[in-house]
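Here the protein sequences line up with chains A, B, C and D, keeping their order.
Residues in the first sequence are numbered from 1 upward in steps of one, following this note's numbering.
Residues in the second sequence are numbered from 1001 upward in steps of one, following this note's numbering.
Residues in the third sequence are numbered from 2001 upward in steps of one, following this note's numbering.
Residues in the fourth sequence are numbered from 3001 upward in steps of one, following this note's numbering.
Be careful, since some hints might not be right.
[Stated by the list, open to error] Below, in silico cross-link-like pairs of lysine-lysine (BS3-like), each with a Cα-Cα straight-line distance of 30 Å or less:
id : chain 1 : residue 1 : chain 2 : residue 2
1  : C       : LYS2061   : D       : LYS3100
2  : C       : LYS2198   : C       : LYS2147
3  : D       : LYS3055   : C       : LYS2055
4  : B       : LYS1171   : A       : LYS30
[As the list claims (entries may be wrong)] Taking CB as the label site, the calculated pair distances span:
id : chain 1 : residue 1 : chain 2 : residue 2 : range
5  : B       : LYS1135   : C       : MET2051   : 48 to 58 Å
6  : B       : LYS1171   : D       : PRO3175   : 35 to 45 Å
7  : B       : LYS1183   : A       : GLY213    : 51 to 61 Å
8  : D       : GLY3094   : C       : GLY2257   : 18 to 28 Å
9  : D       : ARG3218   : B       : ASN1043   : 53 to 63 Å
10 : B       : TRP1033   : A       : ARG218    : 15 to 25 Å
11 : B       : THR1189   : A       : PRO154    : 47 to 57 Å
12 : B       : ALA1137   : C       : LYS2190   : 26 to 36 Å
13 : B       : TRP1033   : A       : LYS135    : 47 to 57 Å
Calculated directly from the structure, the hints in this document are not laboratory data.
A virtual CB, placed ideally from N, CA and C, is assigned to each residue, including glycine.
Protein chains: 4
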Amino acid sequence: MMQRDITLALFFAAALALPAQAQDPQSWCKSKWGANDEIGAANLITPESVMAATKLVKTGKTYALGGETNSKTPAFGPRSWALVINQPGQVGGGGLGPTKTNYNDDIYMGYVGTGSQIDGLGHIGVDNVYYNCNKNADFVQANGLKKLGIEKIPPLVARGIVLDMTAITGKNPIPEGTAFNKKEIEEATKRQGVEIKKGDVVLFHTGWLSLVGKEDKRYISGEPGVGKEGAEYLVSKEVLAVGADTWGVEAVPFEKGVGVFEVHQILIPKNGTYILENMNTGPLVADRAWEFMFVLGFGKITGGVQAIINPIAIR
Amino acid sequence: MMQRDITLALFFAAALALPAQAQDPQSWCKSKWGANDEIGAANLITPESVMAATKLVKTGKTYALGGETNSKTPAFGPRSWALVINQPGQVGGGGLGPTKTNYNDDIYMGYVGTGSQIDGLGHIGVDNVYYNCNKNADFVQANGLKKLGIEKIPPLVARGIVLDMTAITGKNPIPEGTAFNKKEIEEATKRQGVEIKKGDVVLFHTGWLSLVGKEDKRYISGEPGVGKEGAEYLVSKEVLAVGADTWGVEAVPFEKGVGVFEVHQILIPKNGTYILENMNTGPLVADRAWEFMFVLGFGKITGGVQAIINPIAIR
Amino acid sequence: MMQRDITLALFFAAALALPAQAQDPQSWCKSKWGANDEIGAANLITPESVMAATKLVKTGKTYALGGETNSKTPAFGPRSWALVINQPGQVGGGGLGPTKTNYNDDIYMGYVGTGSQIDGLGHIGVDNVYYNCNKNADFVQANGLKKLGIEKIPPLVARGIVLDMTAITGKNPIPEGTAFNKKEIEEATKRQGVEIKKGDVVLFHTGWLSLVGKEDKRYISGEPGVGKEGAEYLVSKEVLAVGADTWGVEAVPFEKGVGVFEVHQILIPKNGTYILENMNTGPLVADRAWEFMFVLGFGKITGGVQAIINPIAIR
Amino acid sequence: MMQRDITLALFFAAALALPAQAQDPQSWCKSKWGANDEIGAANLITPESVMAATKLVKTGKTYALGGETNSKTPAFGPRSWALVINQPGQVGGGGLGPTKTNYNDDIYMGYVGTGSQIDGLGHIGVDNVYYNCNKNADFVQANGLKKLGIEKIPPLVARGIVLDMTAITGKNPIPEGTAFNKKEIEEATKRQGVEIKKGDVVLFHTGWLSLVGKEDKRYISGEPGVGKEGAEYLVSKEVLAVGADTWGVEAVPFEKGVGVFEVHQILIPKNGTYILENMNTGPLVADRAWEFMFVLGFGKITGGVQAIINPIAIR
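Looking at chain A on its own, in the form it has when it is part of the complex (with noise of 0.2 Å):
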């Protein structure tokens, strides 16, 4: 894919106008979960919320929200992605043995923040403190997080909702920076004749996606999505993960007082909420499945800080 070569400073242009803001690590990070936990809202599902998730669905149709990712994915920063692939000790053609058997092989080599992905705990911290108070100097290290890594979070099995922001701003896609906060959030609710539930995955659906292999550097440059007031909001739904069919999730340019992907901070380090990115959000629209049954495993990577991934919606 071709590199990113857009700074970070884009972004932060109107963000560092603003007077630094204090932070006691004491006071926002520790975990209602408690000071060992490492997994956030996952905390939020029970064999009773699974059941109830279930049961959401009706007539066994299913739906990839993942998208692919290879080598022209775009995609933030420096971020780049390969895949090789090799036949080891097959050189010389034929097969090996009596039934002569082939195989190939394949290589990863590239970030893992490509495409549709999760952001795990580790991810995103404030002043140095992630969550659960945790000092990126005490758990993070170069081959891998010691806490809060991915192989933490057990399967994510819940009630899904989608909420088609395009018919709420008449837009599609909805322009970059465009923010939705609690008013927008609640329109679409309303609209849709869904509620936000405790535990529940939030999927915004802004039409961004459809920019991807057709202006990349449009997509990857701003983006629709969750503004600060709107992130509160869906914190105090106790919502278990925020998606979107976008790169980030959040209003791009940043809204006026708005940190540096504070959004973030306010889901990941300050609530252990999961965010899910480039989610393929357009098929469930297209199909009014407002509320479906979600269900999440991804590869189980040994301190991963985020990983590559193709959640199931089922209705």
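Given the structure of chain A, go ahead and fit chains B, C and D onto it with the hints provided.
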């Protein structure tokens, strides 16, 4: 992780003594799902089959069937794995912007076939012919498969069953080379009171995975598993996928008269049936959770051969 | 860099029309340096030849013959390159210890054959037979070559000469497909008043490298270079290595009747002669530095096929 | 290779007890070679100095000063290395075109700081300030250094000397933590009858490299090497580079009162002097080749921090 220095030759000794078998590429490879099919047994998944799987959920308990992948994971052949964590744009400490945002990024450098994985239909061939008569020279490129790539696979949602072979054999772990053929498989289904149905995911529990971290060399040098007749039997049942808590699912050393990974050939290229390796079957067996809803979605790496997975079992 | 989607097929069109040539592996591959030899023409280097090369130094001026390798470097086939910088153990800012030590580490993820490179004797074969009758099935493994690896190559110190072919052809750059055969090579040596001597490194200046960053697609799709007869002529002169300011040193499209990279085959497997690609010959030619001391040492990656290089010319 | 699980903490224990030293970024970092300089002591190389080095060659004997880098190479911290060999476009066996051309390609996935290496001027900093007052926040990006990258370094051709410290200490290998300061260095130069001259490459022979493959854990946990006073002494001699047959060139455990890799700080950021690690000094010492022509060119990876090297000594 320690590099595997076990050459493929170790597995070929017996096999090489056998006469080469002539293959008529046309006779075996035509898929019953049509000349353009790329997904094999995934065609068995229908809304009805998904509904039926969903109805198996009675308690809401979930099981992560994937284990961890890291640099110490024992893996076949030359495979290696490394994870790198970095903090782009944040050298010099502190966070970005007024709310002092920190972030970690992660990078994979390694073979996909490390740990819990699915073998896609582009993984195994017979004399240079892969599933549905695709010749490797036509579809395999060094930067990705042009056909049969894992991105083609739809959400894998099905009824899953686990067969406790340790109870059948009386051994835990079952010794390497022990083959499960029709007799053993039927014994297990009978003992547990479960049937193998069309479209099922069938997992074999052998106890082999318990060797990881204790006897890695032994672990990766052999395994109990499905035998040739067993593979044909499972195929006759039209299963979606066959998995086990072993690295390769089939009996190694191979049975007498059986070719190199011939069970892989019977399942994957000959019948478009998926293979799931290093499945964490222990907890299912401990709960006597013989049947369950099986849900698997994995990152859609364009042109990929395998994927690192963590399927979810729900019952 | 942008993935090269130029398939090998583009280069094979003319070649494929030719009848396959039968090869008797025994007849061509036996090395004059003995059955165990793994270094080919590097055997030509002796203390005497090194002394002679050293005596060519009259001014002390040095030239870096290597150019830069990065993600934008145009390269053959599916090759890609990525560099990652991280700061292990230093998250949270500041330095380590009382003197506040900071450090950056770097990581390569990419194909070696990107940019200025040397082709080792394990790079090219003829019908599965490589230099000195080594069959690929015997020495090629997925994690390194067991023979002919670049770590075997001794320091390459020799007399070097550069032949300005732009002066001979009157074109700069010389058009793709232009072949340098005996006539052209002799014309250049005569014009410049230099001889090709045994053990020399012979570099061809074509001006082709100037296309990089301007016409990358054209650059990588063809090139002027050594023709088949030219290769045989150079071999008859017992040179150590042949290089050029092109990506592949030989004329592409291949000459009529010449096989796919047949010049590579004549030089490398058939005569153990090294190839140096993307050599920065321009400054030597600008200074009319026709002969010089050539010194090349590269990282000894065990089992490597090629190496990224920056040879030094001194005169 | 086996992952290094030696945390940086092991090296910091003594150092952390010391009071932090205040640094005035302005006072120490201004380079004598001017505000825009990026190559430090490489400025000492002139045509005259190169001529003088060349004249040291009396016999034409060459020495490869680099050792092998592979997955088993013991390396500092989280560093890992993997090599992958593939054969793009050649699945199904046989060669390409009428002359049946085969080729192997290779791929690196790993940390550059593995094995014989040079530390560029972007490798080490003091309280976020690097060579010539470059602040890391200004020039370090995740995909390459914007200044001080190794591609800036000109050919390193100089007089080289090797000091046999095993003869001075009477031990081989010299025990870890043994520091070479002015007294020891002068003893060696006197014993050998060589002077340290301006622009020299000074290599220390300790015997430590002989532990590789035998006592890897001990090898990478400490080393004999240059002490703080020794570093200042070498700087006063205006050397080009300091190297050794050790992984880090300086005494580890650090001397009492010396900071974490403070010798690296004195050499690299404070004086723009290069460091060469894991140099194969044994053969030079065996031949009593005290002085020699030193030639080093390495692949110019744009924005690189270090490079894997194989310098050539000629005498």
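Status of the hints after comparison with the structure:
no. : hint                              : result
1   : C:LYS2061 / D:LYS3100             : violated, 43 Å
2   : C:LYS2198 / C:LYS2147             : holds, 26 Å
3   : D:LYS3055 / C:LYS2055             : holds, 8 Å
4   : B:LYS1171 / A:LYS30               : violated, 47 Å
5   : B:LYS1135 / C:MET2051: 48 to 58 Å : holds, 56 Å
6   : B:LYS1171 / D:PRO3175: 35 to 45 Å : violated, 52 Å
7   : B:LYS1183 / A:GLY213: 51 to 61 Å  : holds, 53 Å
8   : D:GLY3094 / C:GLY2257: 18 to 28 Å : holds, 20 Å
9   : D:ARG3218 / B:ASN1043: 53 to 63 Å : holds, 58 Å
10  : B:TRP1033 / A:ARG218: 15 to 25 Å  : violated, 40 Å
11  : B:THR1189 / A:PRO154: 47 to 57 Å  : violated, 30 Å
12  : B:ALA1137 / C:LYS2190: 26 to 36 Å : violated, 47 Å
13  : B:TRP1033 / A:LYS135: 47 to 57 Å  : holds, 54 Å
The structure is inconsistent with the numbered hints 1, 4, 6, 10, 11, 12, although it conforms to all the rest.
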